[in-house]
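S.K.: For reference, the chains in residue letters:
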Amino acid sequence: MNRKLLCLLPAAAVIFYAVKAGAGAPTPPPAGGTISGKVTYTGTPPKMKPIDMSKEPTCAKQHSTPVMTENVTTGPDSSLQYVVVYISEGDSGGAAPTETVRYDQRGCQYLPHVLPMQAGQVLQIFNDDQTSHNIHPLAKVNPEWNKSQPSGSLPIDTKYDKPEFIPVKCNIHPWMHGYFVVLNTSHYAVTGQDGSFSLKGLPAGKYTVTAWQEQYGTQTQEVTIGASETKTANFTFKALPY
Amino acid sequence: MKTKIAITTMTVGLALLFAAQLPSGSAQESHVGTLTGNAASGKQYYKRYCIGCHGPSGDGQGENAPWIDPKPRDFTAATFKCRSTPTGTLPTDDDLDNAVTRGFVTTNMPSWNPLTPQQRADLVAYIKTFSPRWKTDKPGIPIHIPAETAVTLQSVLHGRELFQKMECWKCHGPAGHGDGPSAATLTDSKDQPIRPYNFSTGSRFKCGETNQDLYRIFMTGVDGTPMPSFADVIQPNDAWDLVHFLRTLQEMHTPELALWKKYASEHASEIKPIGPDAASGGN
Amino acid sequence: MPRRFPIGAIALRWSLIAAFCVACLLLLVTFNRHAPTAQAAPLPSLHVRAIPAFARKYGLPCSACHTAWPELNNFGQVFRDNGYQLGNERDSPIWQNPSYFPITFRITPNWHRESTNNLAVDSIPGGGPGSTLVAGTVQQNGFDLSGMDLWSAGTLYKNISFVLLPSSDQNASWHFESAFVRFDNIKGSSWFNVKFGKFELDNLISEKRFLFLSNNGGLYQGYHYDVPGTINDFGYGDNQLGVEIAGHSKNSYTRYSVSVLSSNDGNPGFVSGFGTPANRGYDVNLAFSQAFNAGSLGLQRIGAFAYIGERPTYFETSTTPDGSGGTTTLQLVGLGNKPFYRAGVAGDFFLKKLELMPMFMYGHDNPYLGAGISSTSALPPGAKPPAWAGGFMEGHYYVNTQNVFFARVERIDVSQQPFVNAGFPTDYGNVRAYSFGYRWYPIMFSRAGLALHSEYSIVKSNGFLPLSGDGSGLQVFSTANPVWSSSVMLGFDFDF
Numbered sequence: 001m002n003r004k005l006l007c008l009l010p011a012a013a014v015i016f017y018a019v020k021a022g023a024g025a026p027t028p029p030p031a032g033g034t035i036s037g038k039v040t041y042t043g044t045p046p047k048m049k050p051i052d053m054s055k056e057p058t059c060a061k062q063h064s065t066p067v068m069t070e071n072v073t074t075g076p077d078s079s080l081q082y083v084v085v086y087i088s089e090g091d092s093g094g095a096a097p098t099e100t101v102r103y104d105q106r107g108c109q110y111l112p113h114v115l116p117m118q119a120g121q122v123l124q125i126f127n128d129d130q131t132s133h134n135i136h137p138l139a140k141v142n143p144e145w146n147k148s149q150p151s152g153s154l155p156i157d158t159k160y161d162k163p164e165f166i167p168v169k170c171n172i173h174p175w176m177h178g179y180f181v182v183l184n185t186s187h188y189a190v191t192g193q194d195g196s197f198s199l200k201g202l203p204a205g206k207y208t209v210t211a212w213q214e215q216y217g218t219q220t221q222e223v224t225i226g227a228s229e230t231k232t233a234n235f236t237f238k239a240l241p242y
Numbered sequence: 001m002k003t004k005i006a007i008t009t010m011t012v013g014l015a016l017l018f019a020a021q022l023p024s025g026s027a028q029e030s031h032v033g034t035l036t037g038n039a040a041s042g043k044q045y046y047k048r049y050c051i052g053c054h055g056p057s058g059d060g061q062g063e064n065a066p067w068i069d070p071k072p073r074d075f076t077a078a079t080f081k082c083r084s085t086p087t088g089t090l091p092t093d094d095d096l097d098n099a100v101t102r103g104f105v106t107t108n109m110p111s112w113n114p115l116t117p118q119q120r121a122d123l124v125a126y127i128k129t130f131s132p133r134w135k136t137d138k139p140g141i142p143i144h145i146p147a148e149t150a151v152t153l154q155s156v157l158h159g160r161e162l163f164q165k166m167e168c169w170k171c172h173g174p175a176g177h178g179d180g181p182s183a184a185t186l187t188d189s190k191d192q193p194i195r196p197y198n199f200s201t202g203s204r205f206k207c208g209e210t211n212q213d214l215y216r217i218f219m220t221g222v223d224g225t226p227m228p229s230f231a232d233v234i235q236p237n238d239a240w241d242l243v244h245f246l247r248t249l250q251e252m253h254t255p256e257l258a259l260w261k262k263y264a265s266e267h268a269s270e271i272k273p274i275g276p277d278a279a280s281g282g283n
Numbered sequence: 001m002p003r004r005f006p007i008g009a010i011a012l013r014w015s016l017i018a019a020f021c022v023a024c025l026l027l028l029v030t031f032n033r034h035a036p037t038a039q040a041a042p043l044p045s046l047h048v049r050a051i052p053a054f055a056r057k058y059g060l061p062c063s064a065c066h067t068a069w070p071e072l073n074n075f076g077q078v079f080r081d082n083g084y085q086l087g088n089e090r091d092s093p094i095w096q097n098p099s100y101f102p103i104t105f106r107i108t109p110n111w112h113r114e115s116t117n118n119l120a121v122d123s124i125p126g127g128g129p130g131s132t133l134v135a136g137t138v139q140q141n142g143f144d145l146s147g148m149d150l151w152s153a154g155t156l157y158k159n160i161s162f163v164l165l166p167s168s169d170q171n172a173s174w175h176f177e178s179a180f181v182r183f184d185n186i187k188g189s190s191w192f193n194v195k196f197g198k199f200e201l202d203n204l205i206s207e208k209r210f211l212f213l214s215n216n217g218g219l220y221q222g223y224h225y226d227v228p229g230t231i232n233d234f235g236y237g238d239n240q241l242g243v244e245i246a247g248h249s250k251n252s253y254t255r256y257s258v259s260v261l262s263s264n265d266g267n268p269g270f271v272s273g274f275g276t277p278a279n280r281g282y283d284v285n286l287a288f289s290q291a292f293n294a295g296s297l298g299l300q301r302i303g304a305f306a307y308i309g310e311r312p313t314y315f316e317t318s319t320t321p322d323g324s325g326g327t328t329t330l331q332l333v334g335l336g337n338k339p340f341y342r343a344g345v346a347g348d349f350f351l352k353k354l355e356l357m358p359m360f361m362y363g364h365d366n367p368y369l370g371a372g373i374s375s376t377s378a379l380p381p382g383a384k385p386p387a388w389a390g391g392f393m394e395g396h397y398y399v400n401t402q403n404v405f406f407a408r409v410e411r412i413d414v415s416q417q418p419f420v421n422a423g424f425p426t427d428y429g430n431v432r433a434y435s436f437g438y439r440w441y442p443i444m445f446s447r448a449g450l451a452l453h454s455e456y457s458i459v460k461s462n463g464f465l466p467l468s469g470d471g472s473g474l475q476v477f478s479t480a481n482p483v484w485s486s487s488v489m490l491g492f493d494f495d496f
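Keeping their order, the protein sequence lines are chains A, B and C. Residues in the first sequence are numbered consecutively from 1, following this note's numbering. Residues in the second sequence are numbered consecutively from 1, following this note's numbering. Residues in the third sequence are numbered consecutively from 1, following this note's numbering.
Be aware that a few hints might be false.
If you want the ones that stay clear, here's a sample from chain C, every Cβ over 10 Å from chain B, calculated [as the list claims (entries may be wrong)]:
{"hint": "1", "residue": "Tyr58"}
{"hint": "2", "residue": "Leu60"}
{"hint": "3", "residue": "Ser63"}
{"hint": "4", "residue": "Phe75"}
{"hint": "5", "residue": "Gln77"}
{"hint": "6", "residue": "Val78"}
{"hint": "7", "residue": "Asn251"}
{"hint": "8", "residue": "Arg280"}
{"hint": "9", "residue": "Leu299"}
{"hint": "10", "residue": "Val333"}
{"hint": "11", "residue": "Tyr362"}
{"hint": "12", "residue": "Ala387"}
{"hint": "13", "residue": "Trp440"}
{"hint": "14", "residue": "Phe445"}
Subject to a maximum C-alpha distance of 30 Å in a straight line, what follows is the list of computed DSBU-like cross-link-like pairs (lysine-lysine) [what the hints assert, rightly or not]:
{"hint": "15", "chain 1": "A", "residue 1": "Lys231", "chain 2": "A", "residue 2": "Lys49"}
{"hint": "16", "chain 1": "A", "residue 1": "Lys238", "chain 2": "B", "residue 2": "Lys190"}
{"hint": "17", "chain 1": "A", "residue 1": "Lys140", "chain 2": "B", "residue 2": "Lys261"}
{"hint": "18", "chain 1": "C", "residue 1": "Lys250", "chain 2": "B", "residue 2": "Lys43"}
{"hint": "19", "chain 1": "B", "residue 1": "Lys190", "chain 2": "A", "residue 2": "Lys159"}
{"hint": "20", "chain 1": "C", "residue 1": "Lys384", "chain 2": "C", "residue 2": "Lys208"}
{"hint": "21", "chain 1": "C", "residue 1": "Lys352", "chain 2": "C", "residue 2": "Lys384"}
{"hint": "22", "chain 1": "A", "residue 1": "Lys38", "chain 2": "A", "residue 2": "Lys200"}
{"hint": "23", "chain 1": "B", "residue 1": "Lys47", "chain 2": "B", "residue 2": "Lys190"}
{"hint": "24", "chain 1": "B", "residue 1": "Lys261", "chain 2": "B", "residue 2": "Lys165"}
{"hint": "25", "chain 1": "B", "residue 1": "Lys272", "chain 2": "A", "residue 2": "Lys140"}
{"hint": "26", "chain 1": "A", "residue 1": "Lys38", "chain 2": "A", "residue 2": "Lys55"}
{"hint": "27", "chain 1": "B", "residue 1": "Lys272", "chain 2": "A", "residue 2": "Lys55"}
{"hint": "28", "chain 1": "A", "residue 1": "Lys61", "chain 2": "B", "residue 2": "Lys165"}
{"hint": "29", "chain 1": "A", "residue 1": "Lys162", "chain 2": "B", "residue 2": "Lys47"}
{"hint": "30", "chain 1": "B", "residue 1": "Lys262", "chain 2": "B", "residue 2": "Lys165"}
{"hint": "31", "chain 1": "A", "residue 1": "Lys38", "chain 2": "A", "residue 2": "Lys231"}
{"hint": "32", "chain 1": "B", "residue 1": "Lys190", "chain 2": "A", "residue 2": "Lys47"}
{"hint": "33", "chain 1": "C", "residue 1": "Lys250", "chain 2": "C", "residue 2": "Lys384"}
{"hint": "34", "chain 1": "B", "residue 1": "Lys71", "chain 2": "C", "residue 2": "Lys460"}
I should point out that these hints are in silico values taken from the structure, not numbers from a laboratory. We put the beta carbon where it would ideally sit given N, CA and C, even for glycine.
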């Protein structure tokens with residue numbers, strides 16, 4: 001009797017571990033397609049101007065060289081920065097993610113200059129400066145509000161329910177300009193200094209990709225990708241010197 | 001039997017026909033006090049009284065708009081200066097009625113008090129038809145205004161500290177004359193130049209004239225203008241202190257100003273000036 | 001043989017012209033009904049008031065202050081009671097662009113037809129041998145001008161208002177209709193305002209701001225009526241010279257006024273309405289009105305007034321040789337004042353788009369005024385104080401801000417004849433008046449105003465000439481018969 005039980009033990013162990021291994025086996029990664037590319041310009045863009053922050057010494061002293069305006073920010077090889085590229089059609093969007101997005105007021109600048117987020121996603125606004133700011137997003141589709149945020153106060157938590165490109169300004173410091181870009185999709189990117197973007201994790205299908213630049217407006221392209229396919233979509237904006 | 005069926009059918013048919021002709025039910029309404037205003041009546045009053053400035057589409061593009069400063073309110077944006085509700089929320093019907101009744105001092109918006117309360121309630125109902133936001137959003141919940149604290153020197157002095165700390169002087173200026181360092185570059189939400197309130201002029205604000213009104217103004221903000229809401233950053237008791245201090249900036253006979261003048265004459269050397277280099281309160 | 005018209009050529013011509021007028025009116029009404037909303041007497045002293053200068057100053061359309069200009073709605077009444085101020089701290093002229101000028105012009109070029117019967121007319125035109133005076137009808141028609149208002153009104157400073165209104169008849173013969181300074185909201189209270197100069201009496205139903213313009217319709221009979229034969233020149237609708245203390249609640253629901261006026265019926269230069277020297281007397285006018293909010297029906301207002309005055313019965317004179325053997329007697333100052341009074345109640349009722357304005361009035365003159373004799377003499381036996389009672393009911397129907405129909409029925413009955421009318425029929429001096437009309441305002445903006453005005457009025461005056469002055473200079477043929485006078489008017493009333 002004892003011998004039979006002992007023989008069962010290794011079998012039980014094998015079965016136990018097999019079941020455990022089977023239950024814990026990792027699921028294979030989703031077949032994600034990618035649309036990537038670069039946003040560039042042709043023509044002559046306007047020269048960005050240095051910002052005079054002398055009216056706010058606590059901010060001026062944070063910048064060894066003056067900060068430049070950011071409405072048309074270019075990079076090497078005619079690249080455009082701060083262009084929001086996103087899927088405008090073909091993607092259902094889904095529920096807002098639980099992660100928050102963060103917006104900072106530092107050195108009397110908005111960081112990042114352009115902040116994309118999903119409709120319904122929580123946005124946290126921080127004042128990292130020694131001075132008061134008032135945060136005044138000029139929404140037209142969403143409600144327009146205006147709140148004071150003195151130095152050292154708690155971050156402001158808010159969210160936007162409808163997609164919109166919302167200019168943000170501070171009335172106290174009129175040179176501060178930024179954007180909240182509220183989108184219906186989780187597939188978006190903001191171009192960096194080299195103008196490149198990459199939209200990952202896209203199921204196979206037909207998509208409309210839109211690129212938005214705050215001064216030059218929008219451009220769209222239709223891209224069809226298969227499963228796990230990578231396609232390139234480049235955007236070129238016509239730049240005017242003013 | 002057949003005739004009975006026929007008659008019943010006809011009656012039902014007629015009833016349905018009548019039902020189809022009846023007004024569709026929930027035309028835009030307003031509730032001001034005990035009155036119910038309706039937009040259909042409000043429309044004819046709007047065409048008589050309001051259309052010249054606010055325009056036939058309620059967008060503030062009336063024929064007189066180019067010659068008016070500040071510009072008439074754009075009702076399609078559903079952004080209103082004077083509310084009892086938090087910034088970014090819709091005003092209550094009573095807020096709109098108060099605005100119409102009181103008018104806006106120093107602007108072309110008259111006090112429509114000579115109209116009957118019913119006429120004004122009807123106008124409020126019609127104004128709400130200009131923006132789709134009234135169908136999708138509810139008005140905000142009016143902020144709670146606690147009982148006013150006592151007017152004491154302590155309150156006035158603390159209010160002065162808050163004026164410094166909250167940096168009100170950056171727009172309104174150290175003496176509240178609307179000449180702060182940021183005043184000259186202020187623009188409203190339509191990019192029109194706008195000046196901050198100069199406390200030394202007159203006794204009325206655009207959104208009222210009592211201490212309660214003053215409390216409400218900076219706790220709900222003046223939407224559509226650079227004036228933000230301080231509801232998240234000022235406590236109610238502190239807010240009353242600020243109200244008491246703000247009264248000392250106005251050229252009126254107020255107990256607040258009397259207290260301040262007495263203090264200022266006796267303790268002149270101790271008073272730190274308001275502004276960027278003040279030692280108290282930072283910046 | 002060509003078929004002859006069954007009616008005479010002249011009558012045919014008139015039918016065609018009448019048909020043309022009616023067709024024009026119908027066309028205008030038709031076009032106006034489908035048009036999108038557009039973004040709005042020769043009686044020398046009877047002009048009507050609407051002032052686009054205010055609309056330009058404040059950027060409001062005419063309809064904001066006027067039910068149908070020139071009649072005021074309650075918002076306009078409050079504006080007027082405040083001294084033409086909105087109370088927004090921007091009323092003082094220093095706040096206006098220097099190119100703003102508070103000036104307005106108004107005139108009504110028109111076509112009209114007047115017809116008055118029972119007038120003494122020569123049976124043979126030219127009055128040659130064999131001609132006698134017979135009862136005739138004098139009719140005249142043609143294109144014409146109205147009188148003109150050239151007025152300036154507004155503020156000299158915050159809470160100091162003014163009006164300056166020179167007015168002319170259609171031949172540009174000028175007089176001062178109004179000219180006053182008003183101190184508003186004294187001590188910060190709307191209950192205390194002082195007006196000084198020549199101004200309209202504070203009546204609930206204003207004749208200066210009503211909708212009638214024709215010869216016979218453009219006046220309220222009771223506002224200018226004195227029993228024929230009395231030596232009283234007073235008209236309740238005439239602007240008077242004096243000082244008025246007035247007050248109103250903030251929304252003008254409650255209004256009062258007390259005025260002290262010179263007894264010269266508003267004629268400057270110490271002259272009476274008859275052209276004779278005025279007396280040294282003073283009249284008093286009291287007025288009060290109260291409005292009630294009737295919910296969706298609109299505002300309802302009732303009021304009462306009393307005017308107590310005095311007029312002279314003889315003159316201080318100077319009789320001197322005239323240099324050719326005779327003497328001339330100069331009249332110097334009116335003396336022997338005897339009193340009279342007028343009192344009445346009026347209402348202004350709104351039933352949504354229908355406005356009804358009833359008015360009842362009673363007039364009573366001292367018997368000396370009715371006898372026309374000096375107060376130093378004894379009254380002749382049987383001399384009674386002339387008295388009359390009258391009133392009207394006026395109605396307006398406001399289709400919308402740019403279309404209004406109006407009508408009025410009025411009557412005056414003499415309840416007591418003066419001594420000078422002894423032997424006349426008891427209904428001598430009675431009046432019946434009927435008017436109706438339509439105004440269309442093709443534009444309703446804030447810079448200027450225009451109205452197409454059409455009106456018909458007919459007045460029956462028993463045995464005396466109509467107050468409109470039609471037939472003036474003529475004699476009534478028979479004081480036992482009524483005089484019928486009618487006016488038809490079609491004009492363009494514009495106001496800049």
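S.K.: Decide, hint by hint, whether the structure agrees.
M.R.: The hints, checked one at a time:
no., hint, verdict
1, Tyr58, "6 Å, violated"
2, Leu60, "6 Å, violated"
3, Ser63, "4 Å, violated"
4, Phe75, "4 Å, violated"
5, Gln77, "7 Å, violated"
6, Val78, "4 Å, violated"
7, Asn251, "5 Å, violated"
8, Arg280, "41 Å, holds"
9, Leu299, "6 Å, violated"
10, Val333, "46 Å, holds"
11, Tyr362, "31 Å, holds"
12, Ala387, "38 Å, holds"
13, Trp440, "16 Å, holds"
14, Phe445, "6 Å, violated"
15, A:Lys231 x A:Lys49, "37 Å, violated"
16, A:Lys238 x B:Lys190, "28 Å, holds"
17, A:Lys140 x B:Lys261, "46 Å, violated"
18, C:Lys250 x B:Lys43, "26 Å, holds"
19, B:Lys190 x A:Lys159, "23 Å, holds"
20, C:Lys384 x C:Lys208, "33 Å, violated"
21, C:Lys352 x C:Lys384, "46 Å, violated"
22, A:Lys38 x A:Lys200, "15 Å, holds"
23, B:Lys47 x B:Lys190, "25 Å, holds"
24, B:Lys261 x B:Lys165, "22 Å, holds"
25, B:Lys272 x A:Lys140, "42 Å, violated"
26, A:Lys38 x A:Lys55, "38 Å, violated"
27, B:Lys272 x A:Lys55, "21 Å, holds"
28, A:Lys61 x B:Lys165, "20 Å, holds"
29, A:Lys162 x B:Lys47, "33 Å, violated"
30, B:Lys262 x B:Lys165, "24 Å, holds"
31, A:Lys38 x A:Lys231, "12 Å, holds"
32, B:Lys190 x A:Lys47, "26 Å, holds"
33, C:Lys250 x C:Lys384, "45 Å, violated"
34, B:Lys71 x C:Lys460, "55 Å, violated"
Checked against the numbered hints above, the structure violates hints 1, 2, 3, 4, 5, 6, 7, 9, 14, 15, 17, 20, 21, 25, 26, 29, 33 and 34; every other hint is satisfied.
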